[in-house]
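K.L.:
Listed below are the residues making up each chain.
Number of protein chains: 2
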Amino acid sequence: MKYALPILSLMALAACQTATITAPEPAPAAQQPAAVSAPEGRPLTAGQWLFGSAEAQIMMAQSWNRIAAYAEAGAAARPEYSVILAPGATAEAPEFLACGEKPLAAVFDVDETLIWNLGSAGAFRRMGIEFDPEIWGEWERTGAGKAVAIPGALEGVERIRKAGVEIILNTNREAANVAGNIETIREAGFGDYVHGETLFLKGDTPGGSAKDGRRYAISENYCVIALVGDQLGDIADIFNDKSLSPAARRDLAAAPAFDRLWDDGWFILPNPTYGPFEGSSMEEIFPPETYWAPASKE
Amino acid sequence: MKYALPILSLMALAACQTATITAPEPAPAAQQPAAVSAPEGRPLTAGQWLFGSAEAQIMMAQSWNRIAAYAEAGAAARPEYSVILAPGATAEAPEFLACGEKPLAAVFDVDETLIWNLGSAGAFRRMGIEFDPEIWGEWERTGAGKAVAIPGALEGVERIRKAGVEIILNTNREAANVAGNIETIREAGFGDYVHGETLFLKGDTPGGSAKDGRRYAISENYCVIALVGDQLGDIADIFNDKSLSPAARRDLAAAPAFDRLWDDGWFILPNPTYGPFEGSSMEEIFPPETYWAPASKE
Chain D
1 MKYALPILSL MALAACQTAT ITAPEPAPAA QQPAAVSAPE GRPLTAGQWL
51 FGSAEAQIMM AQSWNRIAAY AEAGAAARPE YSVILAPGAT AEAPEFLACG
101 EKPLAAVFDV DETLIWNLGS AGAFRRMGIE FDPEIWGEWE RTGAGKAVAI
151 PGALEGVERI RKAGVEIILN TNREAANVAG NIETIREAGF GDYVHGETLF
201 LKGDTPGGSA KDGRRYAISE NYCVIALVGD QLGDIADIFN DKSLSPAARR
251 DLAAAPAFDR LWDDGWFILP NPTYGPFEGS SMEEIFPPET YWAPASKE
Chain R
1 MKYALPILSL MALAACQTAT ITAPEPAPAA QQPAAVSAPE GRPLTAGQWL
51 FGSAEAQIMM AQSWNRIAAY AEAGAAARPE YSVILAPGAT AEAPEFLACG
101 EKPLAAVFDV DETLIWNLGS AGAFRRMGIE FDPEIWGEWE RTGAGKAVAI
151 PGALEGVERI RKAGVEIILN TNREAANVAG NIETIREAGF GDYVHGETLF
201 LKGDTPGGSA KDGRRYAISE NYCVIALVGD QLGDIADIFN DKSLSPAARR
251 DLAAAPAFDR LWDDGWFILP NPTYGPFEGS SMEEIFPPET YWAPASKE
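These protein sequence lines map, in sequence, to chains D and R. Residues 1 to 298 (my numbering) make up the first sequence, in order. Residues 1 to 298 (my numbering) make up the second sequence, in order.
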């Protein structure tokens with residue numbers, strides 16, 4: 001097989017395998033779009049891994065185990081400082097908000113942290129698009145019951161509550177869609193949350209999707225012992241500085257002042273399906289010093 | 001929008017009938033894939049996350065921290081049983097190989113566990129294909145220096161060695177490419193491995209890519225206290241039974257007899273870019289009870 005098939009032939013053949021396997025019947029016009037009509041007939045690989053694989057389920061359940069154990073230990077040994085970076089703190093001058101006598105809380109992102117948005121992810125895939133803000137807004141308003149709890153999350157939240165640590169959600173779902181958002185969280189099994197008390201949404205404080213303002217608001221009433229999310233913006237806005245290259249962002253996350261907090265107050269869950277890392281170039285992901293090409297195909 | 005996709009699917013099917021009947025012509029040399037023309041100019045999202053994001057780097061470094069700490073503790077408290085499932089063991093009748101007085105070892109997969117294959121991943125992406133076994137074979141033979149150590153792996157391996165635990169690699173790289181494979185591992189910084197002693201390759205025992213045979217061979221000389229990989233086949237072949245649906249595979253991994261071992265002898269690192277989970281259908285990943293469609297686009 002010295003000479004490869006032309007790319008298009010390979011792609012067509014690959015598509016054929018999929019199409020032949022799924023072999024959808026033509027849908028009558030009155031029916032809902034058949035679930036087999038995704039552009040290539042299957043979820044994207046990242047979605048197959050995250051939402052469907054035993055491998056990702058294990059990582060999720062174990063992450064939630066560790067978060068719960070950490071919160072239980074934190075509740076027993078009351079800390080002097082929260083894990084929320086103080087305004088103006090940097091890797092060189094890290095400062096954290098003081099706890100005083102405030103009650104303890106753990107702060108969680110919602111999407112792809114507490115719940116998997118299977119309803120909207122499936123819809124986007126069937127439509128052959130990655131994301132549409134208008135459709136996402138409708139999903140916030142009407143998706144209750146079609147998002148599911150992440151493996152281990154319900155048990156983890158229950159353990160943290162039992163340890164006497166308040167569960168507070170800080171999400172970039174829109175304040176304008178508060179009713180649908182609360183219902184979506186409830187229908188996924190997490191109980192009721194109160195806007196402005198245990199639920200903070202985009203629009204609650206200035207800064208748009210930046211979450212530091214909401215973290216400061218939460219800190220007025222709570223000592224936050226754990227921050228949990230699928231993106232570094234769930235930890236501190238400093239990591240989402242648009243001027244950071246992927247490599248600079250990795251270096252900042254690994255700076256000594258911050259490195260000691262991962263899995264020890266700051267927790268990241270895997271989400272390879274979307275995030276602030278998107279937009280990386282070929283050179284950023286496959287740097288020149290790793291360039292390789294097969295001689296057999298040249 | 002609603003009806004466009006089924007039509008596209010039908011067109012794909014029509015194209016397939018032709019493609020599967022007509023043998024593709026060999027491509028003229030001038031039409032070979034250009035090395036710089038990634039289909040959409042960027043790595044796939046899963047690759048951007050895994051190889052480039054601070055989020056994945058943190059998960060990797062923390063996973064390796066935990067693996068090293070576990071091995072250090074295991075070396076101090078010598079176990080009676082290894083974490084390798086005995087032949088014929090099941091979730092209902094779990095049995096593990098006895099350790100006797102054998103020296104301790106930790107067994108690792110190589111690809112996407114010790115090293116990231118940036119050279120081949122970049123090449124596949126530039127060619128617009130997901131995988132080609134012929135090219136992969138050439139990568140095994142000639143890729144040394146173009147694969148890199150995963151964040152945290154070098155430090156983790158060093159700690160485990162210092163604890164007196166032998167590092168043994170069990171990979172589905174081919175025995176026929178042993179020289180290139182050893183050099184790739186060495187060039188990534190992991191030192192020298194000896195085929196049949198500290199390095200086990202596909203072809204060393206019957207069973208093809210199934211790794212149980214090699215795990216049994218390793219167990220003749222070692223008490224294995226940790227198994228580490230990016231896929232459940234790195235833990236036990238029972239999880240790769242082809243008859244398991246994604247849901248059944250998740251259930252098996254979460255069976256009580258196995259569930260207690262995750263992060264406690266059995267360790268999984270994230271790899272959403274390829275794996276045994278691939279091939280899941282839309283219904284398996286987005287089950288009917290989560291079906292949702294936006295009214296605004298109908």
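Don't read these hints as lab results, they were simulated from the structure. Just so it is clear, the structure is predicted and the values come from calculations on it, not from any experiment. Ideal placement from N, C-alpha and C gives every residue a C-beta, glycine not left out. Treat the hints with caution; some may be incorrect.
Derived contacts from chain R toward chain D, CB cut-off under 7 Å, selection only [to be verified]:
hint, residue
1, E158
2, T205
3, P246
4, A248
5, L261
6, D264
7, P270
With beta-carbon atoms standing in for the labels, derived distance ranges [stated by the list, open to error]:
hint, chain 1, residue 1, chain 2, residue 2, range
8, R, A176, D, D241, 46 to 52 Å
9, R, R186, D, P256, 45 to 51 Å
10, D, G208, R, R186, 47 to 53 Å
11, D, P94, R, G191, 34 to 40 Å
12, R, F131, D, Y291, 17 to 23 Å
13, R, G213, D, E158, 50 to 56 Å
14, D, G208, R, A295, 24 to 30 Å
15, R, R260, D, G145, 43 to 49 Å
K.L.:
Hold the hint about A248(R) up to the distance rule: shortest CB distance to chain D must be less than 7 Å.
P.N.:
violated (9 Å)
K.L.:
Does the hinted range 43 to 49 Å hold for R260(R) and G145(D) at CB?
P.N.:
Taking Cβ atoms as reference, R260(R) and G145(D) lie about 32 Å apart, which means the hint is violated.
K.L.:
Does the hinted range 47 to 53 Å hold for G208(D) and R186(R) at CB?
P.N.:
holds (49 Å)
K.L.:
Does P246(R) pass the interface check with chain D, least Cβ-Cβ distance below 7 Å?
P.N.:
Given a least distance of 5 Å, the restraint on P246(R) holds.
K.L.:
In this structure, is the beta-carbon distance linking G213(R) and E158(D) contained in 50 to 56 Å?
P.N.:
With a Cβ separation near 42 Å, G213(R) and E158(D) fall outside 50 to 56 Å, so the hint is violated.
K.L.:
Please test the hint of 45 to 51 Å on the beta carbon pair from R186(R) and P256(D).
P.N.:
About 30 Å separates the Cβ atoms of R186(R) and P256(D), which means 45 to 51 Å is violated.
K.L.:
When the nearest CB of chain D is found for P270(R), is that gap smaller than 7 Å?
P.N.:
holds (5 Å)
K.L.:
Hint says 24 to 30 Å; check whether the CB-CB distance for G208(D) and A295(R) agrees.
P.N.:
holds (27 Å)
K.L.:
Regarding the hint that D264(R) lies at the interface with chain D, is the smallest CB-CB distance below 7 Å?
P.N.:
violated (9 Å)
K.L.:
Cβ-Cβ distance between F131(R) and Y291(D): within 17 to 23 Å?
P.N.:
holds (19 Å)
K.L.:
May I ask you to test the hint 46 to 52 Å on the CB atoms belonging to A176(R) and D241(D)?
P.N.:
holds (48 Å)
K.L.:
Quick one, is the L261(R) hint okay against chain D at 7 Å, beta carbons?
P.N.:
Result: violated, 10 Å to nearest chain D Cβ.
In summary, the structure is inconsistent with hints 1, 2, 4, 5, 6, 9, 13 and 15 from the numbered list given earlier, while agreeing with the others.
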